[in-house]
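With chain A fixed as given, assemble chain B onto it according to the hints.
So the protein lines, in turn, are chains A and B. Going by our numbering, the first residue of the first sequence is number 31, and it counts up by one from there. Going by our numbering, the first residue of the second sequence is number 38, and it counts up by one from there.
Honestly, the hints are just simulated from the structure, not real lab data. Bear in mind that the values here come from a model prediction, so they are computed numbers and not experimental data. Idealized CB from N, CA, C, for every residue including glycine. Errors might be hidden in some of the hints.
[Said to hold, decoys possible] Heads up, incomplete: computed chain B residues facing chain A, CB under 7 Å, no partners named: (1) V124; (2) V127; (3) L301; (4) L304; (5) A405; (6) P417; (7) V442; (8) I443.
[Stated by the list, open to error] Pair ranges (Cβ atoms, derived): (9) B:E313 with A:R86: 46 to 56 Å; (10) B:P427 with A:V93: 39 to 49 Å; (11) B:R331 with A:G98: 32 to 42 Å.
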Amino acid sequence: MALVTALRRLAHVKLREYAWRTAAVSSGSWLRSQRSFTSGHFLRSDNKVTVHFVNRDGEKITVKGSPGDSLLDIVINEDLDFDGFGACEGTLACSTCHLIFDEETYKSLGPVTDEEMDMLDLAYGLSDTSRLGCQICLTRSMEGMVARVPESVADIRQSQDGS
Amino acid sequence: MLFSGLKWWTSRSLWIHRLHYGINGGGKARYSSCSPKVCIVGGGPAGFYTAQHLIKARPDVAVDVYERLPVPFGLVRFGVAPDHPEVKNVINTFTQTARHERCSFYGNVNVGKDVSVEELREAYHAVVLSYGAEGNRRMGVPGEDLSGVYSAKDFVGWYNGLPSCRELGPDLSCETAVILGQGNVALDVARVLLSPIDFLKKTDITQPALEALEASRVRRVLIVGRRGPTQIAGTIKEIREMVNLPNTRPDMLAADFEGVKESLQDLPRPRKRLTELMLKAALETPGEKEQERREKATKVWGLRFYRSPVEILADPERSGRTAGIRLAVNKLEGSGEGARAVLTGEVEDVTCGLVISSIGYKSLPIDASVPFDSRRAIVPNHMGRIQEAPGLYCSGWLKTGPTGVIATTLNNSFDTARSVMEDMESGTLNTTGVKLGSQSINALLENRGVKPVTFSEWEKIDSEEVRRGEAIGKPREKLLTVEEMLQVAGK
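Here chain A stands alone, though its shape is the one from the complex (with noise of 0.2 Å):
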């Protein structure tokens, strides 16, 4: 399992290299002035997907994506601010890129593997159509979909040691 992990890891850092190479940093995105490209950047516009996300403040943000992007990558590229999105760089360390969506989309996504599972049990604010946006790529079937960045909440204090 620990290798199909790692197959993974290693098959979505090759994909996302070109992605990343340039803008790999969440929220540090506001630190740059260069902004990436994906290859769908040099695809006919029409090939592009369109997402509504919701930021923490309510405000809809509607930009496109291409197919085989992912969600991350799309908040990269398109330079969204979403503090601290994305801190391990889509590498299924973290759970900074999560994303709220309605029933049905969620459905329509398909199904969640136990190491991004793992990640969401521990993010802020989880609910049962929760998931990590470095794992949801882009097809033409999800056009127009919304998803929501969930409030962080301040100040938590689970007890996580000396148990």
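Structure of chain B alone, referenced to chain A:
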């Protein structure tokens, strides 16, 4: 491949960055002397996440990060397990922050010794303490100081190249190791002790630790907690890694899981999935393939619940050496997260030559002028504002206590930065007076013979470490002493 991809990314962004800002070594564009100046004490994740949010939230704020060691990133470098390189990706964001024209890094500056908090408050409009939790909770049992007993903090520092733990030289010649505590640090230590050496070889674990682990005779690791399976502190990713660890099999006590299945339905999803995973490893008859895997395994890991340390037992034949541990058997009072462990009066002895206590980190006071709650080992604060100390803030583990994953620290550091911003906007924090910031602090440091390491000087250390790592197929080989770090930095 993963590593080379990342490295390529890093070097490319470095190149782009230089193109953008000009190759200016450590020199940063000086911001107007009227801009609000914030000082951050501690260059770990809390410090960098706080800096990131401050720089972003206001276009005029300048932030200086002071760090005791010559190298940045705190527990991301010295705490995160070497086989978790993905978590270390946060370093890329921290690097972007540190290279920002309104951010400066000063390593090798020991606040509290080289410069006082008072002096920092004099030089800056606001000071954020984010120096973490470097202290260690002691078990408080007889035998704790025997040879063969280590704190997880030191053990982790040793395999991760923390200069102060370089000479730990843990004795790994015994067969059984007992780890006290069941948090993620305990699970990291267990995994490192049992991982196939070929896995570790490709990580940034230090070479001396790798050699010691290669020669290790530890075959069995027991991870002991005072409460039950539904109170375990570790998270599911780390438990799953144990379940899947090659060449190992689980060894659990069915009695520890009595009644657990029945309580599953009342648990929230994260707790439920974690408990189900442990139940599966502990009680279920494995499938044919898994059965075969377990039979071939030469190493064993096990969780032990409802046990507290009473005494570390000395070897009667080899004075001063650990021969075992006496554990008290507990029962639970109450249920759920708040359940308390109470002694039953029963004890049992476990033979082991290595005891690692992983019952928690603890923040230490930095300076008599800063309020400190020694019972909770945190700085008393409200949303990061240190009580009765205007202009003084805290973030990270110093603020909340040593719990949570990277996302927890990210959120709590952003919250502190928000408090600073609010106070600047409301005028609670006076930013009208001119403060000299690093200019005055650097003069003080120079008088005291302290040579701060800038971020571009850290990048020299970084390149040297990566170069040394490349030669032996590792992502980096860390420099192990402060002296060598300073030398490579050109100090």
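Verification of the hints:
At a threshold of 7 Å, the smallest CB-CB gap from V124 (chain B) to chain A is about 5 Å, leaving the interface hint in force. For V127 (chain B), the interface hint holds, the least distance from its beta-carbon to any beta-carbon of chain A being 5 Å, beneath 7 Å. Taking 7 Å as the C-beta contact cut-off toward chain A, the hint placing L301 (chain B) at the interface is violated, the least distance being around 15 Å. The interface hint given for L304 (chain B) is broken, as the beta carbon of that residue sits about 11 Å from the closest beta carbon of chain A, more than 7 Å.
Annotation: A405 (chain B) was flagged as interfacial toward chain A, and the flag is violated, the nearest CB pair being 27 Å apart, outside 7 Å. Interface restraint check for P417 (chain B): the shortest CB-CB distance to chain A comes to about 14 Å, outside 7 Å, so the restraint is violated. Hint status for V442 (chain B) relative to chain A: holds, with the closest Cβ pair at about 6 Å, below 7 Å. For I443 (chain B), the shortest C-beta to C-beta distance to chain A is roughly 6 Å, which falls under 7 Å, so the interface hint holds.
Hint check: E313 (chain B) to R86 (chain A), Cβ distance near 32 Å, so the stated range 46 to 56 Å is violated. Taking the beta carbon of each, P427 (chain B) and V93 (chain A) are about 42 Å apart, inside 39 to 49 Å as hinted. A hinted range of 32 to 42 Å holds for the C-beta pair R331 (chain B) and G98 (chain A), which are about 40 Å apart.
Hint compliance for this structure: hints 3, 4, 5, 6 and 9 are broken, all remaining hints hold.
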